[in-house]
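**Student:** Residue-level listing of the chains:
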Amino acid sequence: MYKSNFKSIFIGLISILFLLGVFATSTIALEGKAGEVIKTVEELKELETKGLLSHGQVLSYIELIKDFGLTIPIVKTTDRRLQFTASKTYVEYTEKNKGKAKIGPNDELLNYGGQGLPFPDVKPDDPQAGIKAALNWDLRHTGDSAVMPNWDYLLTDSKGNVKNLGGLSNSMRFTRRTDRDPRPFLTGARGEVWFKYLIQFTKPFASKGLGQVQIKYEDPKRESDLYVYVPGLRRNVRVGGGNRCDCLGGFVFNMDDADLWSGDTTKFKWKLLEVREKLTNSWHPWADVKAGKDYIPKAHWTKQILERRKVWIIEQTPKDPAYCYSKRIYHQDPENWIFTFMEMYDRSGSLWKTETQNHSIFPNPEEAGGGYLSNNISGDTLDHKIFEGGPYYHHDIQVNPNISADMFTLDALRRAGR
Amino acid sequence: MKRERVKLFFLSLVLSIAVILGGTAQGMEWGDGKVTLNGFIKNQTGYRFGFYDDERGSGLSMFRTTLQLEGEVKFNETTSLYVIGRGVREPGYHLERRAVDAGNFNDDVYNENTFREYYLAWQATPRVWLGIGKQQVVWGDLGGMGLRVMDIINPLDLRWHYALESFEDMRKPLNMLNAIVSVPEVGGNIQLVWVPAIDEPWERVNSVYGNPGHRWGVNSVPAGSLFGPPAFITPDGSNFGNGKVKGVWEPSTFVPGIREDDEADPANIKRGLSQSTIAISWEQKIGGLNYRLMECYTYNQSPAVWWDGNPLLGAPVNIKYFRQNIIGVSGNYYEGWSKSVLRTEIGHFHHVPYTADKRLMIGGWGGVPNPDFYHLEKKDTIKFGFGWDRNTFFNFLSPTRSVSTSFQVLGSWILNYDKDLITPGYNTKVKELDIMLTLFMNWGWNNDRMQINLYPAYNINRKFGMLTAWIDYKPQWLGGGNVTITPKVNLFYGKDPWAGDFGLVRGSSEGLLEVKYEF
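Chains as they are written, first to last, in my numbering: chain A, 1 to 418; chain B, 1001 to 1519.
Among the clues, some could well be false.
Unchecked claim - One-sided and incomplete, this derived list gives chain A residues near chain B with beta-carbon spacing under 10 Å:
no.: 1; residue: Q128
no.: 2; residue: Y227
no.: 3; residue: G250
no.: 4; residue: N254
no.: 5; residue: K269
no.: 6; residue: K271
no.: 7; residue: R347
Just so you know, these hints were derived from the structure itself, not from any lab.
We treat Cβ as the ideally placed atom computed from N, Cα and C, and that holds for glycine.
Turn these sequences into a full structure, and let the hints guide you.
**Tutor:** Next comes the structure, spelled out in structure tokens:
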């Protein structure tokens, strides 16, 4: 009697404990739905097993949760179609030129209408879906010009030491313009320069005065040019293609990694791996970024806000094996063709770095095409081998400003240095 | 005056320490970034190895501490003022002690307290930019330790570390008007540089110590040379040769008590507008080619030495800096198939002065004095350089980033060459065609926290060369990532101790440790 009572009590206790365990498990089993909040590493891994987070994302977010006790909210899926993320004129040109563009034998863009998205209707079953998606990124709407007068990059090491790099970035389209007159190209610019991109470092002192101008050309066979002003030499230096693999000023990312992808697209192979729903970076309120609320001091990442979206998973591999990465994996949003996440793999094929990009939506001035402009306002890079990286964020952005092409000449680059 | 300068130096040091202790290590900022103050503190400690049988001695060769402050004042969007000040404290090399004790120069001869650069940068119109004040202007597409072709505007100060520092630190800034007019329609710009000669005359030309008694003085003339004595023999003859290499003078070969002035004005260079340097260039980008055409009327950086007649007959020596026209072109081009950048600089230097005919007597010692002894010749000279840069992956050096390699050929070619051209004082032959090869390699680890650099250079005609190798280590955990630790070696080779830029200092090979904190 005594023995059977003890047995019953024991079984009952075990059952209660089991049920508690089940409920406990149930309470952390997220579905990746709006309103949920990721709070534990286990939840991250659970979402990875469900295919809603990539391994790179999990590795990156683990630190936020484990080391900084932060949480990652999942918000409502937003409508980020082109009409809500680009200027009216850009959308009009996209519609007008739809169906014209084709891919050439060397992955070059042919018969492009000259303005707008080249492949707005590309489908996943298109055998050229990968390169078309990549060219959509290249020609996505960024405005005809941008001035970011003040950005910071908080390079943080594994011990939490933070090094603050800062500078400014300006860009301008010379051809394929959609928003500001003259359209589609600046006078005298047809057939050569597509756009120019200027970066200047203002801090720390070791990098102060260092600047670069990247020039991309309309001709896909023509490699983009890169000029760097080196303060120690007091002159501009022309840099070859191989330098694009080298990290700038101690940054975790190199020139091709800037904005998630700034390289020569046709020098790489692009393959659509799959289309699936994933938790990906939602759009961040610009007010929070401007107020500095979007980054986390002493962490490698900005504040993460995720939403569930359909994502194209794109693999990029270099045609020339003499490259720093064996491949990159992108998460691309097919509503607007923006890359939101990137994984970089080293030459032996191991995951090396991850990079994310956060966007905000800005009202686009009527005189510059009206509508909207979605711009990269912050992001994160992390080197998983040396566990170093950092958030970057813009303090200010001028949307589609009316600026002069003179800002991007080589003598302007030289004059801006010391 | 000296006390004031010491006070200024220490005030600057205290200010720097305050900045550093300020914690941000980003320098100081006022007025929402309109005024910024940055800089660095650097210590260089060197040990001379005593190669070539202790030809130039051995031991502690350098203990130099530099404080450099760089300020910028942004008055508005178009106008800024830049100021760079440098303070240096460096005691003399131990073998200079005798010269110091004898009163030839002071122990603080290497100290500095200067405003190196101060200029107003003004974007006068969208197309016209002006730089007014003391500054550096750099032309050309080549680079390398101590080697220049069309980098001709600013002279060099080679006294404190020969040609082993960054050109930015070695150039002598000059007061000038620097105007750049942009012509973006054609992708070009015109630059006009006017140096009105208001600087001290000695600042207009290269400075180098010709006496090996100085740490970085070049090897002096061999015994018996017709140019050296009596200045290089002490009255009691005790410093005649070093007992190891025939005719090579010991360090510290100064005549005791004869005061040296290393900032004496060159005899024929005066202040004044008539002594101006004028330079103009046109730079343009056409397709994939960048080029610059240059013209400069300036002083030759080294003096000409000659006799009008024979010294045995009482003719005096002439030492003079000549002015010359220099026309040149530089360019760079990215070649896509080889993924390399090609660079070049070529300059035509009009009427470069040379010394010719080393024969004091014709027909031997029993003959007659040579009336053409050490006479002046002027020859047009082409100076040129070609560079080839490529980044290549070498997994065994670095699996994560490419190795930057830069190969250069630099040289000079004397037109209408005469076989009796010599280097005055050394009587070594000047070659018609002189070629130097250089190679620079750079790669890094851990996102360039550590960078390795190699730079060999070799003159194939005159058989001298150098190898400099250094590591830049910039750990994130030290000083917020703003400290760079650089162990370095500078090794010289010279078959002939009196020939060539590196042969003349062949005994000066050294190891260095540099520590630099930037704020």
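**Student:** Okay, which hints does this one fail, numbers in order?
**Tutor:** The structure conflicts with hints 1, 5, 6, although it agrees with all the remaining ones.
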